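Protein chains in written order, with our numbering: chain A, 1 to 113; chain B, 1001 to 1114.
No lab work stands behind these hints, which were simulated from the structure alone. Here the structure is a predicted model, which means the values were calculated and not measured. Cβ atoms here follow ideal geometry from the backbone N, Cα and C, with glycine treated the same way. There could be a bad hint or two in this list.
Under the rule of at most 27 Å between Cα atoms (straight-line distance), these lysine-lysine pairs were calculated in the DSS-like manner [as the list claims (entries may be wrong)]:
hint: 1; chain 1: B; residue 1: 1003; chain 2: B; residue 2: 1070
hint: 2; chain 1: A; residue 1: 105; chain 2: B; residue 2: 1055
hint: 3; chain 1: A; residue 1: 105; chain 2: B; residue 2: 1070
Computed footprint of chain A on chain B, listed as stretches where at least three residues anywhere in the stretch have a Cβ under 8 Å from a Cβ of chain A [said to hold, decoys possible]:
hint: 4; region: 1041-1052
hint: 5; region: 1104-1111
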Amino acid sequence: GDSVTQMEGPVTLSEEAFLTINCTYTATGYPSLFWYVQYPGEGLQLLLKATKADDKGSNKGFEATYRKETTSFHLEKGSVQVSDSAVYFCALSEGGGADGLTFGKGTHLIIQP
Amino acid sequence: DVKVTQSSRYLVKRTGEKVFLECVQDMDHENMFWYRQDPGLGLRLIYFSYDVKMKEKGDIPEGYSVSREKKERFSLILESASTNQTSMYLCASKESHSYNSPLHFGNGTRLTVT
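This is chain A alone, in the form it adopts within the complex (with noise of 0.2 Å):
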């Protein structure tokens, strides 16, 4: 079946450096791809996302692109904020899409000032 595979976290940072999150996936298909984020005592919310191939999602500075030929979709940000200490979970969405996402298990990111 479908898997996300994401970084183990923690991972800490310090405020400004470059970030990377590595998501790399399983799928028989050609998957949607999305970014979720988690703030402390909240619920997840879309970060960006991408549906074919080469796409780049981005929002609030962070980036991914759908990479078929490595079955990857990780996450950049180029300058880190201590606001973006959150958990980011990787997910993909596959056939009738009334079945929801499959979802990494997360990475817990620390920003540092």
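Since the structure of chain A is provided, determine the placement of chain B on it from the hints.
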């Protein structure tokens, strides 16, 4: 903006109690979902519904049931709560059957079963 509201942020229940977790969305979405979130396991799908009175099992339905009597409301039921059901429960909704549509989440209910 889509609003998904879960009725309780925190619940404490005793083993064997019947527990209802309520979720309401305000955007007329057809599809609704219940996930549980546990450290090291990420999000796992319990049940979903694509229409009123319709329900489908997710990956971990054992020990749970659901009810969808109205389009905007999707309830998760623990018939007899057990300590291994202590978790964060997240409700979500989605606007169509397209797999490009994102899920919209509520803020979660943290359930503790003692």
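Going down the list of hints, with the structure as the test:
1. B:1003 - B:1070: holds, 16 Å
2. A:105 - B:1055: This hinted pair holds, its Cα atoms lying about 25 Å apart.
3. A:105 - B:1070: violated, 32 Å
4. 1041-1052: holds (count 6)
5. 1104-1111: holds (count 5)
In summary, the one numbered hint that this structure violates is 3.
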